[in-house]
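**Student:** Kindly produce the complete structure, drawing on both the sequences and the hints.
The opening position of the sequence shown corresponds to residue 0 in numbering that gives the first Met the number 0, with each subsequent residue numbered one higher.
Source of the hints: derived by calculation from the structure; they are not laboratory data.
You may find that some hints are simply not true.
Stated by the list, open to error - Below, computed lysine to aspartate or glutamate pairings styled on EDC-like, alpha-carbon distance capped at 20 Å:
1. Lys51 <-> Asp10
2. Lys56 <-> Asp30
3. Lys41 <-> Asp30
4. Lys20 <-> Asp50
5. Lys56 <-> Glu18
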Amino acid sequence: MSGPGKYDSLDSLDDSKYEWKIRVRVIRIWDSYSNKGQKEFKGRNMLLLDDKACVIKHINCVDVPNRCTSCSE
Numbered sequence: 000m001s002g003p004g005k006y007d008s009l010d011s012l013d014d015s016k017y018e019w020k021i022r023v024r025v026i027r028i029w030d031s032y033s034n035k036g037q038k039e040f041k042g043r044n045m046l047l048l049d050d051k052a053c054v055i056k057h058i059n060c061v062d063v064p065n066r067c068t069s070c071s072e
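**Tutor:** As structure tokens, this is what we get:
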């Protein structure tokens, strides 16, 4: 997916810094709902794959899609 040195791999991500430059493919996406009462929407889950075949699960909280609507436009 990328040349060496351009992007950080998923297996190198840690809490040592706030921003990372990654390039991934979303291989699966699904919505999460609460198990109680009205089945409230809790967030969106994604499995991400990088060029080293490292897979990581990413969870968006409820307010992320609302803040990032311009990203998909």
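**Student:** Quickly compare the C-alpha distance for Lys56 and Asp30 to 20 Å and report which way the hint goes.
**Tutor:** holds (13 Å)
**Student:** Would you mind confirming whether the straight-line C-alpha gap from Lys20 to Asp50 stays at or under 20 Å?
**Tutor:** Answer holds: Lys20 to Asp50 is near 13 Å, not above 20 Å.
**Student:** Between Lys51 and Asp10, is the straight-line Cα distance small enough, at 20 Å or below?
**Tutor:** holds (9 Å)
**Student:** Assess, step by step, whether the Cα of Lys56 is no farther than 20 Å from the Cα of Glu18, and give holds or violated.
**Tutor:** It holds: about 18 Å lies between the C-alpha atoms, which stays within 20 Å.
**Student:** Does Asp30 lie within 20 Å of Lys41 when you go C-alpha to C-alpha?
**Tutor:** Within the cut-off at roughly 8 Å; holds.
The structure shown violates none of the earlier numbered hints.
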